[in-house]
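Numbered continuously in our numbering, the sequence shown closes out at residue 159.
Some clues are possibly wrong.
Stated by the list, open to error - No farther apart than 20 Å at their CA atoms in a straight line, the calculated lysine to aspartate or glutamate pairs in the DMTMM-like style are these:
1. K43 to D108
2. K115 to E5
3. K115 to D142
4. K61 to D108
5. K115 to E15
Said to hold, decoys possible - Computed Cβ-Cβ distance ranges for the label pairs, DEER-style:
6. D96 to V121: 21 to 27 Å
7. I141 to A70: 38 to 44 Å
8. K43 to R147: 25 to 31 Å
9. I78 to R134: 30 to 36 Å
10. L120 to S44: 44 to 50 Å
11. K75 to K43: 23 to 29 Å
12. S46 to N130: 36 to 42 Å
13. L50 to L10: 17 to 23 Å
14. M1 to H95: 18 to 24 Å
15. S27 to K75: 36 to 42 Å
16. S92 to A131: 25 to 31 Å
Hints listed in this document are in silico derivations from the structure and should not be mistaken for laboratory results.
Cβ coordinates follow ideal geometry from the N, Cα and C atoms, glycine included.
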Amino acid sequence: MEMRENITVLSLGKEIRRGIFRTLPLSWHRQDGKIFSVDYVIKSVSRNGLPEPYSLDRTTKALTVRIGSADRTLKPGIYNYEIRYQVSNHFSRFHDWDELYWNVTGNDWSWPIGKARFQLVLPDAAGQLNADGRDARLRTIDVYTGRQGGERPPCDHPA
1 MEMRENITVL SLGKEIRRGI FRTLPLSWHR QDGKIFSVDY VIKSVSRNGL
51 PEPYSLDRTT KALTVRIGSA DRTLKPGIYN YEIRYQVSNH FSRFHDWDEL
101 YWNVTGNDWS WPIGKARFQL VLPDAAGQLN ADGRDARLRT IDVYTGRQGG
151 ERPPCDHPA
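Whole structure, please, built from the sequences with the hints as guidance.
In structure tokens form, the structure reads like this:
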């Protein structure tokens, strides 16, 4: 699965001094109790449209993309980071359906997330549209908001 994340931040020179980091889980628990391991290939990282140095830290639970340079301090301002990567083995196969579970924003951010948006593009979507203009291959889309482990109800989403 090809991913492109755009993360816009306001740096005031306090929490964000040299760059940001993005932590990606290396395994996840399916509803039936099975544990799946995933792998990532980082394709590119940029800041404001220009290539940005990054390093990778891997633990048993997560891959952290550390973006920025230890030798350079950012001036206060708004920065847009883009991370492009490929992730494998993130689909669950059940008897009657396939499932994609994806945490769009990730967890453990040091600051609040003001806005999040995602777009799912499936291969040959134009050939699979039903009368409502939706992809007939999608049975349901469930979207949740709030902190990890919270009890917020699913949020509304345009499908």
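* Compare the structure with the hints numbered earlier in the document and write down the numbers of the violated ones, lowest to highest. => Failing hints, ascending: 1 and 10.
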